[in-house]
Amino acid sequence: MLQIINLTKSYNKKTNAVDRLSLSIKPGEVFGFIGHNGAGKSTAIKCIVGALNFEDGEILIDGVSVKENPIYCKSITAYIPDNPDIYDYLTGIQYLNFVGDIYGVEASVRESLITDYATRFEIINDLGNLISTYSHGMKQKLVLLSALIHKPKLLVLDEPFVGLDPLAAHNVKQIMRELCDSGSSIFFSTHVLEVAEKLCDRVGIIKKGKLVAQGNMEEIVGDKSLESIFLEIAKEKVDE
Amino acid sequence: MSKFLTLFKVNLLSLFGLNKKLYGGKKGKLIGMVLLGVLIMGLSFLYSMLFIEGMKFQQAMTGTEINGVVHTFIVVAALVTFIFSFYSVANLIYGAQDYDMLAAMPVKKHQIVFSKLLATLVGDIILTLLIVIPAIFAEQLYLENLNFSIVVSYLLCAFVCPFLPIAVATLVGALFTIITAKIRFKNLFKTLLYLLVIASVLPLYFTDDFLFVMQIVDKIYFIKPILDRALDNVWYLLAFVGINVGAFVLVVLFVSLSYHKVNSLIKSGATKTKFKMRKIKGSSPLRALVKHDLKRLFTCPIYIVNAIGGVFVSIVIIVPFFILASETDGEVLSILGPFVSLFVPAFLVFFTCMAPTTACSISIEGNTFWQLKTLPVKASQILNSKLIINLIFYIPLNIIISVAVGILFKMQFISVLLIAFCGITVALFASITGLYLNLKLPLMDWTNVQKPVKQGGSVGLMVLIAMLLMILFGAGGYAVGFVDQGFFSFLYSLTANQYVLLVTVLLLVVTTVLYLLMMKNSQNLIDKI
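Quick note, the sequences are listed as chains A and B, same order.
For the record, in the first sequence the residue sitting at position 215 is 385 according to the working numbering, with numbers rising by one throughout.
For the record, in the second sequence the residue sitting at position 247 is 257 according to the working numbering, with numbers rising by one throughout.
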C-alpha cells in the first residue's frame, strides 16, 4: 500500500532531515514509526502526505507515485498532524462537511459516519460549536473523524495519542484495528512505545533521518522490550 | 534589560518579519525591504512634484499663494496610518495568540500593551518619514523656502504624527471589542461597526458647502490648525507634540485597564451543548473551497473590512463627483464625458488594486495551510477559489461604477461598454497579481491576523502597484486629452474610447500571461510554501 524508496529530504542542502529512507507497508498492516525528537519522523510523514516536497527518492501509494499523481494519492490517504491546527472559524460540522465535499463523500454516507464516529468520540453534542472553543483533545478527535469519513486506504498519523483522554485513546486504537481489518493500512509515528508494542504489526526506528531498524516486533525486540531498544539507540546518539 | 524593553525588543523583531530575515537565512529579503523603502520615497517625491505643479497651476489661475506642501503630506501620512491601523491595531491587544503566554508572565499589563503598540508605532514612524522626507526635498527644490529650523519642525511633526492616529485606532478597536465581546456573532457585529465608521465620512460632504477629498481630510484631522501654526510658533509645535504623545499614553493606560478582562471574555466564547444533526447537502470541491474562503472572509473582521473598506473608500471618493455632475447642465456633461472616461482607468486601477483579498489569501491560511496541501484537489482549483472571492466583490462593483459614470456623463453606449470592460479587466488584473505576489511572498508564521492582512510583502507591493498604475494611466489620459507634443502626439491622436481600449488590452495581455504562468506552476508555487 505504501512504498518509500530512498526518500531524501534536506532543508538546508547540507544535512538531510530524511536520508535515503526505504520501507514498505502492506494492505491491512499497522506500521509504527519511532524516533527521538528531531529524528525526521514528521518530515518523512509530511513528504508522504504531500505537505512537503522532496528532492530524491520515490513514494508510491497504492502503486502510484505521489509526485506523478498527487491527487489520486491524496484522495485515498488521510493525514492527522501532530498539532491539530484546523479552521477554528468553522463549526465542527462545517469542517466535516468541507472535508466531505472535497473528498466527494456522499451526503447520506457522510451523515451516518459522522453520527457514528462523533458518538464514539463523544463530540456529537459539540459539532455545532466553533472549533475555536474546542480543547486540544476535541480538535484531535475532530481531525481524526474527518479522516475517517472518507474511508482512506492509507491512514497517516503523526503522534495521534497526544492530548487524547484514555477513553478516546482506546477508541482510536480500536478504530485503527477496525480500519486495518477492512484492508486499510496505517502508518503512524509515536513516542508511546507501549502503544507501538501492542498495536503495530511492524515498526521502524529512525535516527538522524536514517532508518536504523525495521521489522516485525519479534525481529526488532527479541527478548528485550521496545523501550530498552529505543533507549540503546538514544544512548548511541548521546555517545556520538 | 528591563521587562518592558525585553517585550519591546521581541515585538520589534516580529515587525516586517525582521528576525526571520536576519536569522532565517533570508538576508537577501532585507535588501528587498530597503528597495521597497526607496520605492516609497521615490513615489512620495513624484507625488510631491505633481502636487506642487498642481498648486503652481492653481496659482497661475487664481493667484493663491503656494504653501503647506509638507503639511499636506504629514496629514496624508497621519491619515494613511489611521486607515492602515484603525481596524487592525486592536487585534494586537485583544485575542492575540500570545495572550496566554504573556498573561502567565510576571509582567505588568501596561508593559505588555505599551510594548506592542510602541513596536507598531516604530513601523508607522518609518513609513511617515519615508513619505515626508521626499516632500521636504521637493518643497526645497521647487519652492526654495526652507531653512534649518523649519526642516527640524517638519521632522519633529512627522515623527510624532502617527501617535494620535494609532491612539484613536486603538481606542475605537478597544471599544468595539468590548461592546461585541459577549455577542455570539461578534465578528459580524464588529465588521458592521467598522463599516459604519467608514460610512460616517459620507455626511461630511453635505455639511456647509460642497467639499472635496482633501478638504474632508482636513476636517477629519482636527489638529490641522495647530500643525499649520507649529512652524512659526514653538508653543503650537509643543502643543502638537503634546496632543499626539499625550493621547497615545492615555489610550495605553485605558487599554491596559481592560487587558485581562476583555481577553478573558473573548477566550470564553459561548457554546451550545446539544447539537442536532440535520440533513447534509453535498457540493463540488471548488464550491466547497469557495464556501470555505467566504466563511474565512466573513468571520475575520480585519480581512472583510480590508476588502470591503476599499469599496467603501472608492464610493466616498466618487460621491462628490456624482453630486457635482447631477448639478451640472446636461450638455456640459456630455462634452465632459470623453475627458472623464480618460481618467476612469486610473481611478479603477487605484482602488481595485489597493487591497484585493488575494494579496493575503494564502498568508491568511497560516498554520492551517497543511490542510489545503494535503487535500485531493488540484493546486489550480485552490488558486481559482481564491480568485473567485475577490472577483465576487470587484467585478459587480466596477461594472456598477462604470455604468453609473457612463449614464451621468451621458456617454455613448460603446464608451460605457468599454469602461465596463476595463473595470472587469482591472478586477481580474488585481486578483491575479495579488495572488501571484502572495504565492511568491507568503507570510505564514503569524500570531496575529493583522500581520498577513496589513504587513505582508504582497499587500505592500499591491499598494505600490496601485499608486504606480494610477500615475501611469492618469498621465496617459492627460496626454491623450491635452498634450500634442513630440512623443505624446501619438497618444494625442487617440480618441477617449481608443485610449480606454488600449489600456484595457494592455492590462488584459499582462493578466492573461500572469494567469497562465501561475496556473502552469500552480503546484510548484504551493509546494514551495
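None of these hints come from the bench; they were simulated from the model.
You may find that some hints are simply not true.
List time: in silico DSS-like cross-link candidates among lysine-lysine, alpha-carbon distance up to 30 Å [stated by the list, open to error]:
{"id": "1", "chain 1": "A", "residue 1": "Lys196", "chain 2": "B", "residue 2": "Lys388"}
{"id": "2", "chain 1": "A", "residue 1": "Lys394", "chain 2": "A", "residue 2": "Lys368"}
{"id": "3", "chain 1": "A", "residue 1": "Lys184", "chain 2": "B", "residue 2": "Lys538"}
{"id": "4", "chain 1": "B", "residue 1": "Lys119", "chain 2": "A", "residue 2": "Lys323"}
{"id": "5", "chain 1": "A", "residue 1": "Lys321", "chain 2": "B", "residue 2": "Lys13"}
{"id": "6", "chain 1": "B", "residue 1": "Lys286", "chain 2": "A", "residue 2": "Lys237"}
{"id": "7", "chain 1": "B", "residue 1": "Lys538", "chain 2": "A", "residue 2": "Lys380"}
Have a look at the derived ranges for each label pair, beta carbon to beta carbon [to be verified]:
{"id": "8", "chain 1": "A", "residue 1": "Glu367", "chain 2": "B", "residue 2": "Ile189", "range": "49 to 59 Å"}
{"id": "9", "chain 1": "B", "residue 1": "Leu49", "chain 2": "A", "residue 2": "Asn295", "range": "49 to 59 Å"}
{"id": "10", "chain 1": "B", "residue 1": "Ile189", "chain 2": "A", "residue 2": "Gln344", "range": "27 to 37 Å"}
{"id": "11", "chain 1": "B", "residue 1": "Phe195", "chain 2": "A", "residue 2": "Asn295", "range": "15 to 25 Å"}
Glycine included, every Cβ here is placed at the ideal spot set by N, Cα and C.
So, going through the hints one by one against the coordinates:
no., hint, result
1, Lys196/A / Lys388/B, "28 Å, holds"
2, Lys394/A / Lys368/A, "14 Å, holds"
3, Lys184/A / Lys538/B, "18 Å, holds"
4, Lys119/B / Lys323/A, "52 Å, violated"
5, Lys321/A / Lys13/B, "52 Å, violated"
6, Lys286/B / Lys237/A, "42 Å, violated"
7, Lys538/B / Lys380/A, "24 Å, holds"
8, Glu367/A / Ile189/B: 49 to 59 Å, "56 Å, holds"
9, Leu49/B / Asn295/A: 49 to 59 Å, "55 Å, holds"
10, Ile189/B / Gln344/A: 27 to 37 Å, "48 Å, violated"
11, Phe195/B / Asn295/A: 15 to 25 Å, "21 Å, holds"
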